[in-house]
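Q: Listed below are the residues making up each chain.
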Amino acid sequence: MGNFPTTVKHCLSYEELIQDYPWLARWLQEEKRALTHEYPEYVKIVEVGPRDGLQNEKEMVPTGVKIQLIDMLSETGLPVIEATSFVSSKWVPQMADHTEVLQAIHRSSHVRYPVLTPNMHGFQDAVAAGATEVAVFGSASETFSRKNINCSIDESILRFEEVICTAKQRQIPVRGYVSCALGCPYEGPIESTKVAEVVKRLYELGCYEVSLGDTIGVGTPGSMAKMLHSVKKEVPSSALAVHCHDTYGQALANILTALQMGICTVDSSVAGLGGCPYAQGASGNVSTEDVLYMLHGMGIKTGVDLSKVIEAGDFICKALNRKTNSKVAQARAQCGYN
Amino acid sequence: WGGKALPQRVKIVEVGPRDGLQNEKTLVPTEVKIHLIDMLSEAGLPVIEATSFVSPEWVPQMADQVEVMKGINRRPGVSYPVLTPNLKGFQAAVKAGAAEVAIFGAASELFSKKNINCSVDESLQRFEEVTKAAKEAGVRVRGYVSCVLGCPYEGQVSPDKVAQVAKRLYSMGCYEISLGDTIGVGTPGGMAELLEAVSREVPVDALAVHCHDTYGQALANILIALQMGISVVDSSVAGLGGCPYAQGASGNVATEDVVYMLHGLGIQTGVDLPKLMDAGAFICRSLNRKTSSKVAQATCKL
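So the protein lines, in turn, are chains A and B.
Residue numbering for the first sequence follows this note's numbering, beginning at 1 and increasing consecutively.
Residue numbering for the second sequence follows this note's numbering, beginning at 339 and increasing consecutively.
Mixed in with the good hints there might be a few duds.
Said to hold, decoys possible - Computed Cβ-Cβ distance ranges for the label pairs, DEER-style:
no.	chain 1	residue 1	chain 2	residue 2	range
1	A	91	B	610	38 to 44 Å
2	A	39	B	491	38 to 44 Å
3	A	296	B	346	32 to 38 Å
4	B	623	A	38	42 to 48 Å
5	A	305	B	491	58 to 64 Å
6	B	608	A	303	42 to 48 Å
Derived from the structure by calculation, the hints contain no laboratory data.
All C-beta atoms in this analysis are idealised placements derived from N, C-alpha and C, irrespective of residue type, glycine included.
Bound-form chain B, shown alone (with noise of 0.2 Å):
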């Protein structure tokens, strides 16, 4: 149709465990974090964000995380990357047996401080830290930049400004960059844009788009993406992650929805979809909330 190549096979980055988990109201107990992550394991997502070695003074429900990464069941070829915000995460990550880790970035100066306490520029330089130590350790780290499409506090925010900070993240030593739209603002039109602009600085097989589902158009904007040659994306089994600014509001889009798609346009992504609605139940249950995903609400009521 219309010539728009779409990739064969997309790489599902689950961050259902960290990111969504971080997002929930309810807090869960640590075995019900590696139970969840042992199921997303056998489901076939080929990574899935495991915990994140942020104080926990800063982010109590990621407080169990050396626990979370020794008690989860590794499957070979599954990579299990962590969050190291700075050095002395990253060191605690990578003796708790982190193979792979994770560094976010900004977009925006006003979010950088008041997410992080420091401008764009002084994030990068503690992530060189990071960086250099990885490649030391021999570990692949992950860059994240957010606010690609807007900011909570700024607006609108240039695609080029994201391309800058892509571009550093990726000159660092990062081996992918995720895109990621922090408050599911942006439109198929500005992912376009975007895309353009960051696939001039960093190449587009290193790229990956997280998109928010909080205006409903993840699906639309992770459409554009693949259209563009994206073929990694993050999502969050059972929408799993609300918006922190914008309370009540929804966050992450759901993997099971995000997969429904995929696999209805004939893309492999490896994941067995009936398994992750089970993991998808099972985390639902512990939370005691009901899923984002519809393709989990339309497929039980059937």
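Next comes chain A alone, as it looks inside the complex (with noise of 0.2 Å):
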């Protein structure tokens, strides 16, 4: 019976049978709408491990460790690996090694290295460390922005701007990151329309593109679509990325909806490293593997070698002294693949 519609279409108008059966105009679109799903071909990685996940990791490594996992995540294929924070070593300790890592690292020529930069001063020692390409942190709640870096979003905004600019003039390519844009741990959920004007600044600032972080993981699939849903109408999908938490488990659900609505620049970690800070214990980053695993299972390029990911990740979870919390090495390691 189900290839009744597709010969009769071929047989006769279709206007004619419509006209006759109109039962049969709602039976082809059903038909149409359930097999079309258009996803990107080519989804671009951004590894978020050696900075976002070693910042919020409960141990710290050596610094020759970080640049190992650094040089392992060049050789898997990944096009962008987030290496280190030019944050002030008094807030974020972990980070202090910044210009070691990066003045040590091999720089692959397939891959670009972006580093944190809160303000003027930490893009001036960037610059200095050699970067070629920075990020910016701007949040989509007040509350967390005070908490957070100390200043409200506009303050936070003025500073980025002052970075944008420099960076501009340097030819640095500078990519902007919005917190809290599916829930804040103090203000609960977030206005879509408030995400999408903090994108919009930081967009028309001149970031080349803006992670929207589910910085607590709470996001769902509905609440995903909404924001995204509003965040488009100011920015390009092209200029777009999502950086989910799997804090509760929604995060690949959550990448998927992002996917079916064009977005096609995905933020994960290897090993899923990282924490989430404000649910002690719970888990954080996405895991790369996983998200790599569900991507070429769906037939979506990424250019990335997944058991090299998973080999990096065994390296810094045996150097962490911890689990992975990726469902894919965990499976892959029991299995006896790999």
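Bring the two chains, given one by one in their own frames, into a single complex with the hints.
A: Below is the structure:
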């Protein structure tokens, strides 16, 4: 019975058919809707393990281990690897070795190595250390902004404006992040229009891409869709990325939703490094391995070698003396693959 | 968003007490099982797979099947299906008071042989005996098809083969067919392709998905299934039940995580999430293990 509509369409004129059998139109539409899910052909993975991941791990790792991790990740085919953060080591001691890391890693010509720069001071240090791409972190929640970086959203954007302008002059691309895009640990739900406003400001200032962060992982496909719907009105999908946390196990479903809405850049962290700072012991970043498994299973290209990412994940988990958060890595280890 | 209409209501089939506990290393006492099922009934779950009338020689964890059936406090409106692999099991189940049973087919020949020691056809013949007897007794039968997205022995499984097996179970009289991604290898593309093939043979209203989270893909696969009109989802409280083919790896998807996603989508389930989490906490304490539910992990810590 399944082929009936298509064969009938070939025999008769569709219009005549619909005239005689109006119920057919609905039937044919339903079949069409069920079959078509358009996905991007290629998804760019932004690997945040060495920075976002390690920054949020209890254990600190020696500089040599960080460098080796990044070097291993550079061999996997990952196109972007967030290397470190030029934030004051007073606030983020885990990233105190930022200059050493940036200067010692073996930079692959196929890979970009953005670093975080919260202000001009950090930016200048980053450039002096050889950074060729930087990132700035805004928030969609006022309370989060105040608690996290001690100033309002507006004040933070003024700070970034300085960085972005200078970066522009030096032809250094800037990536923007907006945290709390799907909820705030202090304010609760965040209006999607507020998220869109902040994203728009970062984009118009000159960020080539803005990554939307579900900081506490509370988002679900419905809230993801609503937020993206608002944001896409202000900024093209090609300039958007999603940074989903897996604290409530929703990350892959949320990423799938984003892909269905035309997003083709996804942030993730090898081995799911980086717990949630707002729910101690709970998970944070989604695992790169699990994201890759889903994308490759769907026939979406990433250019990344999953086995090599698993190896890098194994390495860093041993160094951190912790188990991987990646289900794919766990399954592969048990099945004796790899 | 994008016109992909989701169901307004999803029926959750809770398989923790059977599929979950059967695949846990630690055995739990009968009273613990009964208490778990009672807590799950209180949590608003509409269907709770209570136990299995398989020979205790094969599945010792379910040896107390009759005691469990008789000991649980059956909530009105809630269904308590039990597994019945053959006529003998069926008769024992009905004698113990079962009002609904379940039969388990496979889409892979090798899996069928290794799991229940006969071919897929032979197993379907066996099941026909059960469905006949069930019809006469006025007992509903749910059908399961395992290995729908991959087999630990055969590797890839053809969606058409799954559709064939599903169709036979449905024509035999199963009111619902649950499609099981037994080793959790499926991804949204494969799930969509599978459902397309199966829904040509069995109405989508009579289909359910039973996703394993071994590779973290369960919620994404469930979401795709919902988008394709599926409105029945199997899951296991606290994600009980590891994967028997990848020791230490996870198996069933956690009911808490599924409910969190569904409620977030505005889909009704009738489930009270806090009460569900209480049931999960209870069984994990009894099993002396951590929950596999991320929602449960996050909620305790915030």
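Q: The structure should be examined with respect to each hint, and the outcome stated for every one.
A: To see whether the hints hold, each was checked on the structure:
Hint check: residue 91 (chain A) to residue 610 (chain B), Cβ distance near 42 Å, so the stated range 38 to 44 Å holds. Restraint check, residue 39 (chain A) to residue 491 (chain B): a C-beta distance of roughly 31 Å breaks the suggested window 38 to 44 Å. For the pair residue 296 (chain A) and residue 346 (chain B), the supplied restraint of 32 to 38 Å holds, since their beta-carbon distance comes to about 33 Å. The hinted window of 42 to 48 Å between residue 623 (chain B) and residue 38 (chain A) holds, with their beta carbons roughly 46 Å apart.
Range check, residue 305 (chain A) to residue 491 (chain B): Cβ separation about 27 Å, and the 58 to 64 Å hint is violated. Distance hint for residue 608 (chain B) and residue 303 (chain A): a CB-CB separation of about 45 Å, consistent with the stated range 42 to 48 Å.
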